[in-house]
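Let's have the full structure, built from the sequences with the hints guiding it.
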Amino acid sequence: MGTPLNHDELITAYGQMRTIRAFEESVNEEFLDGNIPGFVHLYAGQEAIAVGVCAHLSDEDKIGSTHRGHGHCIAKGCDVRAMMLEIFGKKDGLCGGKGGSMHIADLDRGMLGANAIVGGAPPLAIGAALAAKNLGTGGIGVAFIGDGASNQGTTFEALNMAVALKLPAIFVFENNGYGEGTGHDFAVGSGDIGALAGAFGMPVTCVDGTDFFAVCEAMADAVDRARSGDGPGAIEAKATRFYGHYVGDPERYRSSIEVSELREHHDCLKIFRSRVLESGLLTENELDDQDREAVAEVDAAVLAAKAASDPTSSDLITDVYAGY
Amino acid sequence: MGTPLNHDELITAYGQMRTIRAFEESVNEEFLDGNIPGFVHLYAGQEAIAVGVCAHLSDEDKIGSTHRGHGHCIAKGCDVRAMMLEIFGKKDGLCGGKGGSMHIADLDRGMLGANAIVGGAPPLAIGAALAAKNLGTGGIGVAFIGDGASNQGTTFEALNMAVALKLPAIFVFENNGYGEGTGHDFAVGSGDIGALAGAFGMPVTCVDGTDFFAVCEAMADAVDRARSGDGPGAIEAKATRFYGHYVGDPERYRSSIEVSELREHHDCLKIFRSRVLESGLLTENELDDQDREAVAEVDAAVLAAKAASDPTSSDLITDVYAGY
Amino acid sequence: MTTVSMRDALNQAMREEMRRDERVVLIGEDVSGGLGGTGEDDAMGGVFGVSQGLVSEFGRERVIDTPITESAIMGMAAGAAMTGLRPIAELMFIDFMGVCFDQIFNQAAKFRYMFGGKAATPLVVRTTIGAGFRTAAQHSQSLYALFAHIPGLKVVIPSNPYDAKGLLIDAIRDDDPVIFCEHKVLYDTMGDVPEESYRIPMGEANIVRSGTDVTIVALARMVGFALEAAELLAAKGVESTIIDPRTISPLDMETIIESVEETGRLVVVDEGYPRCGLASDIAGEVAEHAFGVLKAPIKRVTPPHTPVPFSPTLEDAYIPDACRIVDAVQATLKQER
Amino acid sequence: MTTVSMRDALNQAMREEMRRDERVVLIGEDVSGGLGGTGEDDAMGGVFGVSQGLVSEFGRERVIDTPITESAIMGMAAGAAMTGLRPIAELMFIDFMGVCFDQIFNQAAKFRYMFGGKAATPLVVRTTIGAGFRTAAQHSQSLYALFAHIPGLKVVIPSNPYDAKGLLIDAIRDDDPVIFCEHKVLYDTMGDVPEESYRIPMGEANIVRSGTDVTIVALARMVGFALEAAELLAAKGVESTIIDPRTISPLDMETIIESVEETGRLVVVDEGYPRCGLASDIAGEVAEHAFGVLKAPIKRVTPPHTPVPFSPTLEDAYIPDACRIVDAVQATLKQER
Ligand SMILES: Cc1ncc(C[n+]2csc(CCOP(=O)(O)OP(=O)(O)O)c2C)c(N)n1
Ligand SMILES: Cc1ncc(C[n+]2csc(CCOP(=O)(O)OP(=O)(O)O)c2C)c(N)n1
Ligand SMILES: [Mg+2]
Ligand SMILES: [Mg+2]
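Residue numbers (our numbering), protein chains in the order written: chain A, 1 to 324; chain B, 1001 to 1324; chain C, 2001 to 2337; chain D, 3001 to 3337.
FYI, nobody ran anything at the bench for these hints, they're computed from the structure. Bear in mind that the values here come from a model prediction, so they are computed numbers and not experimental data. Don't take every hint at face value.
Derived pair list, reagent style EDC-like, types lysine to aspartate or glutamate, alpha-carbon separation capped at 16 angstroms [to be verified]:
no.: 1; chain 1: C; residue 1: Lys-2334; chain 2: C; residue 2: Glu-2239
no.: 2; chain 1: C; residue 1: Lys-2295; chain 2: C; residue 2: Asp-2175
no.: 3; chain 1: C; residue 1: Lys-2118; chain 2: B; residue 2: Asp-1108
no.: 4; chain 1: B; residue 1: Lys-1166; chain 2: A; residue 2: Asp-92
no.: 5; chain 1: B; residue 1: Lys-1091; chain 2: D; residue 2: Asp-3316
no.: 6; chain 1: C; residue 1: Lys-2118; chain 2: B; residue 2: Asp-1092
no.: 7; chain 1: C; residue 1: Lys-2118; chain 2: B; residue 2: Asp-1079
no.: 8; chain 1: B; residue 1: Lys-1166; chain 2: C; residue 2: Glu-2061
no.: 9; chain 1: D; residue 1: Lys-3295; chain 2: D; residue 2: Asp-3213
no.: 10; chain 1: D; residue 1: Lys-3118; chain 2: A; residue 2: Asp-108
no.: 11; chain 1: D; residue 1: Lys-3295; chain 2: D; residue 2: Glu-3261
no.: 12; chain 1: B; residue 1: Lys-1306; chain 2: B; residue 2: Glu-1029
no.: 13; chain 1: B; residue 1: Lys-1091; chain 2: B; residue 2: Asp-1315
no.: 14; chain 1: A; residue 1: Lys-91; chain 2: C; residue 2: Glu-2061
no.: 15; chain 1: D; residue 1: Lys-3118; chain 2: A; residue 2: Asp-92
no.: 16; chain 1: A; residue 1: Lys-166; chain 2: D; residue 2: Glu-3061
no.: 17; chain 1: D; residue 1: Lys-3118; chain 2: A; residue 2: Asp-79
no.: 18; chain 1: B; residue 1: Lys-1306; chain 2: B; residue 2: Asp-1092
no.: 19; chain 1: C; residue 1: Lys-2334; chain 2: C; residue 2: Asp-2213
no.: 20; chain 1: A; residue 1: Lys-166; chain 2: B; residue 2: Asp-1185
no.: 21; chain 1: C; residue 1: Lys-2118; chain 2: B; residue 2: Asp-1315
no.: 22; chain 1: D; residue 1: Lys-3118; chain 2: A; residue 2: Asp-315
Each pair of labels, with its calculated beta carbon distance range [to be verified]:
no.: 23; chain 1: A; residue 1: Leu-135; chain 2: D; residue 2: Thr-3038; range: 29 to 35 angstroms
no.: 24; chain 1: B; residue 1: Gly-1138; chain 2: A; residue 2: Ala-322; range: 58 to 64 angstroms
no.: 25; chain 1: B; residue 1: Asp-1059; chain 2: A; residue 2: Gly-229; range: 53 to 59 angstroms
no.: 26; chain 1: A; residue 1: His-265; chain 2: B; residue 2: Gly-1191; range: 37 to 43 angstroms
no.: 27; chain 1: A; residue 1: Thr-318; chain 2: C; residue 2: Arg-2173; range: 54 to 60 angstroms
Using N, Cα and C, we set each Cβ at its ideal position, and we do this for glycine too.
The following block contains the structure:
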């Protein structure tokens, strides 16, 4: 269980994972109650990946995200309340209510945006890597990519470009087995996302995405290489999606047994808990505190979101150009 | 020198290669004399690939080509005179003068068009493979792809789709070392086009593209697999480009030594000649006849093209839709 | 006649055509759903359920789920169309055109012309348009003008189940590439639809309502708003003609101009972006070819020049509605030339 | 002032901006050339030689050759722009937008709005437009209307070296994504250009010629044809105002409308496709906002609704020219309201 994290960092990591879970559970509920508009895709089940990856990143490092972006945001340090307001479409939301769940972003935190275009982010993330390299910030660019998105031409192009230009970029493939209702066994012709990424000419580590420590370690290596100028790397993390593709998805394409099995035996939070308790790294109390705080923070965010004001129609035509 | 071709087929193959060379030499000259409009990309040097590949194809088999498409056309059986007229922009050209060198096509011969968009053809070629499969024609779809085009997202997507749907498709990578003025050593991050294609989940053979017999054999295997329902395959053929990227290219990005070396020691026609003579498969006379016929046919085509009529302005607004 | 939703009308059109002609295939992401998963087959029928049940009847050879790979989908469909199939390819949201436009506009659209009339590309791209579902900037656009701009494409935008079925059948039987735009808010709209097959020829506008004071041209979801507006106006003694072009390429300018000759006033309602969009396209035609009969400026009712916002309050302000149409009509009534 | 070609004027603009601000980088295929080859470095400077010499001065860190991978180029440039660089990304021909449009129109164009004003994307996409080089259907298009349609993008189309330099400098310093369209036939056009830096603000039209009988709006290569037409017309006593909008998004409608108020007649000349194009866009604006002053129908001079043909005879018939402009002007003079 090699972890480069110290005690406080471990607590933070667990707290973030727990916050993501609480956040997604609340969003699910609020959506089903009709309080959240639009399409919402939940990250629950994949927490260890976002948090394990972002544990190594500062605000100078940039991430490009996906339609399933809440977890990436929280792991990258976005404000939970401002996120919730955004998802509710409120004026004080992280994006003024103009973005919503699928376009949530916080450039100050290096979170370049959820992206409602599958494969939208990888080219952007290598752009951040280029900027970091040229400006000498020491930062890196990270793209989160689903198994479905791994088949998109934009993703492949970004992989090749990153190698050709030797960019400090890291591609994190979150393989949760499905792109909407299509299994990755069918959609990824090669059957091996990691190997394919590797064939583009970069080192790849494949890890169990429910194992925070494995993700964290793989990312430590990739970050080291990227920061020291050795070019891009990739991680394939096998992941689990606890909810449907979107909230409201009847999920006829997968068996309920699969889902209950995932929740029972492949819950990254349970796994983390038992691992740190077993090894004595953290105590039950410390973990419980995080559980409580996470729920409290999210509950407060929901209340705030419900009380917050909508944008007004004068906001409709601002933020189009620098001039208006 | 395993070749599945018989004596007559060998003569035809040589004749086609020779015709392509003569064609390109004439087009070069006519272009430089100001008789051919537009952009023209010559296939000279790569003849063994088009001919080795198309030797296994009938009109039921379809090929998607590139901006450098004259060789593919001739190998696929397009009429040389109609091609020349098209390149001169004449009304009786293969495409009525509307396409020109970059859009020359002959659907009756299964030639789905040169393509002025790099990476344009691979998706189309797998479409032809799908049609062949669904209609039960026994045909296959073949895409010719340059080393430069091997980096385009559309190419990658076609590779993956062909594997996922197990289509009777063959991807022929013609690696002539350059995409315009950029070397493939830089542009192909992995440095290995064949291995990357293989990582998509299909068998790949890498061959010396100046060796007609090697190409022919590799294609025989790939065609066998594709026709018997075993899915797609790929060939990477190392190729040589005798002329610049386009006619008129000053070619400052490569040394003149490289080019003279290629023409001297890596001319697929010379290589073919010495191989068939050595092994006694064909005689000098037979080969010389083909040389003469090729030049005669092309010369006649040029004369015909020069004498032919232009389209008239009433042709401008036909062929847009089925209705007009 | 039975009363069905637009979703079901479209499903009928595909089903009937697939029965009639086995060259018709459906290609797209989750157009059946369930491939490679642990649950049911025929699990989705597309994200909006439009193709539900087709894979059960026609099998996976003809209802073809794909990876997420729109360039390969469109290109494969175009290549198959030029070599003997008659594919319907689904582009889940028109907003995704940016990852596959080349295969549509540089390839499929141009084959016939580039190849001197010797190629046909009987391809239908079914896609969804429209705001109203709070799906923000990348899932709510009405980008049909981008396709109408391109010679070689046809563009269809039905506003009701009857038209949807007849136009989709016509599109499938057509030998040119057709972009078939389904407004996602209209999928549940009900209407009377014959059970048998019928074609509505592309290029013929529908006169939805007749009145002598003003001509309102409206498409898709805007037709309903125009009808609302017409009722409000009728209460004030203003009688509107409403024309639904149904297809914007080809565009039935004749019907529009005939009406303007009668009314002398034109309001065009369009959910697409205002710049270089359909509203201006129609206005430009009328200002050139029916200028003499115009009694007032041509009014265009469109969203503002902004991306589609997420927040419901903003989105509601963004989408043209009956009030804005009424205002526009009244403006044309005031300003005599 | 020195007399230079439009190619050199553009080169100067890039060079001066790259000297001034090291965040400015150039990204594209063969923008320097020679990487991975056996010949010279700085071997191309782009296929039209516009960036020749830049890599020698600024090095490969800032003049970045790429593989052929337009989505990654545009996306990388957009991502770099939102994180601190000010990239100029080259799209060799505007015709290639179909393989990378998403990164331009759904990403770069929408960041500012989607993210509530908290992102800036100072990106310039330099690209080439126009027919005339006999490069047929996939290398000759003038697709700028597709970009003007999209809120969040700015679109520039210079017609001469002076404007090209000043507008490119303005575009590079601008904090929004700009599509900078260079007409390939104009690269060798000569004109007087100050050696020092200067900005021409986007959104300000240029009045190329003044006359009281008719307003001709023309862009890029069409400006020259309009001037030719104006001379022919002047010989017959008809005096034309010619307006070159220079940028079509933002579009300086004020200047156009002021002129139409004076002349009462409008002809718009546009090399783009006619449907949902710029000619109709301008016509639509005028028909709505200056209807009262119009004395005659608005005429649009554009190519026909077809792809660009290869054959010189066809291409020459395709491109609008001075004769067609004269005819259009004369038609507006005949038809009084
Ligand atoms: C270009 C594009 N194509 C299709 C979609 C529709 N879509 C949204 S999410 C999704 C599945 C993505 O799968 P994956 O990448 O595995 O991510 P996951 O949903 O599993 O997190 C699809 C097909 C889209 N948004 N953009
Ligand atoms: C999408 C697109 N990008 C760029 C170009 C310009 N272009 C034409 S040919 C070419 C080089 C292609 O290289 P390669 O695939 O190796 O083919 P080769 O020219 O060597 O035969 C380029 C960049 C294009 N036509 N289309
Ligand atoms: Mg997935
Ligand atoms: Mg090459």
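16 angstroms limit on alpha-carbon distance, applied to hinted pair B/Lys-1306 and B/Glu-1029
Answer holds: B/Lys-1306 to B/Glu-1029 is near 13 angstroms, not above 16 angstroms.
Given pair status - B/Asp-1092, B/Lys-1306, alpha carbons within 16 angstroms
Judged against 16 angstroms, a Cα distance of about 12 angstroms means the pair holds.
With a cut-off of 16 angstroms on the C-alpha distance, tell me whether C/Lys-2334 and C/Asp-2213 pass.
This hinted pair holds, its Cα atoms lying about 12 angstroms apart.
Please work out if D/Lys-3295 and D/Glu-3261 have their alpha carbons no farther apart than 16 angstroms.
Holds, at roughly 10 angstroms.
Just to be careful, I want the Cα atoms of D/Lys-3118 and A/Asp-92 compared with a cutoff of 16 angstroms; is the pair within it?
holds (13 angstroms)
Hinted pair, alpha-carbon criterion (16 angstroms max): D/Lys-3118, A/Asp-108. Please report holds or violated.
Distance ~9 angstroms between D/Lys-3118 and A/Asp-108 Cα, so the pair holds.
Given the hint that A/Lys-91 pairs with C/Glu-2061, test it: the Cα-Cα distance must not exceed 16 angstroms.
violated (49 angstroms)
Hinted pair B/Lys-1091 and D/Asp-3316, Cα distance within 16 angstroms:
holds (15 angstroms)
Take a quick look at whether A/Lys-166 and B/Asp-1185 sit within 16 angstroms of each other, Cα to Cα.
Roughly 13 angstroms separates the two Cα atoms, so the pair holds.
What's the verdict on B/Lys-1166 and C/Glu-2061, does the C-alpha distance respect the 16 angstroms limit or exceed it?
holds (11 angstroms)
Decide if the proposed pair is consistent with the structure: B/Lys-1091 and B/Asp-1315, CA atoms, cutoff 16 angstroms inclusive.
holds (9 angstroms)
Would you mind confirming whether the straight-line C-alpha gap from C/Lys-2118 to B/Asp-1108 stays at or under 16 angstroms?
Given that 16 angstroms is the threshold and the Cα spacing comes to 9 angstroms, the pair holds.
In this structure, the hints that do not hold are numbers 2, 4, 14 and 27, in rising order.
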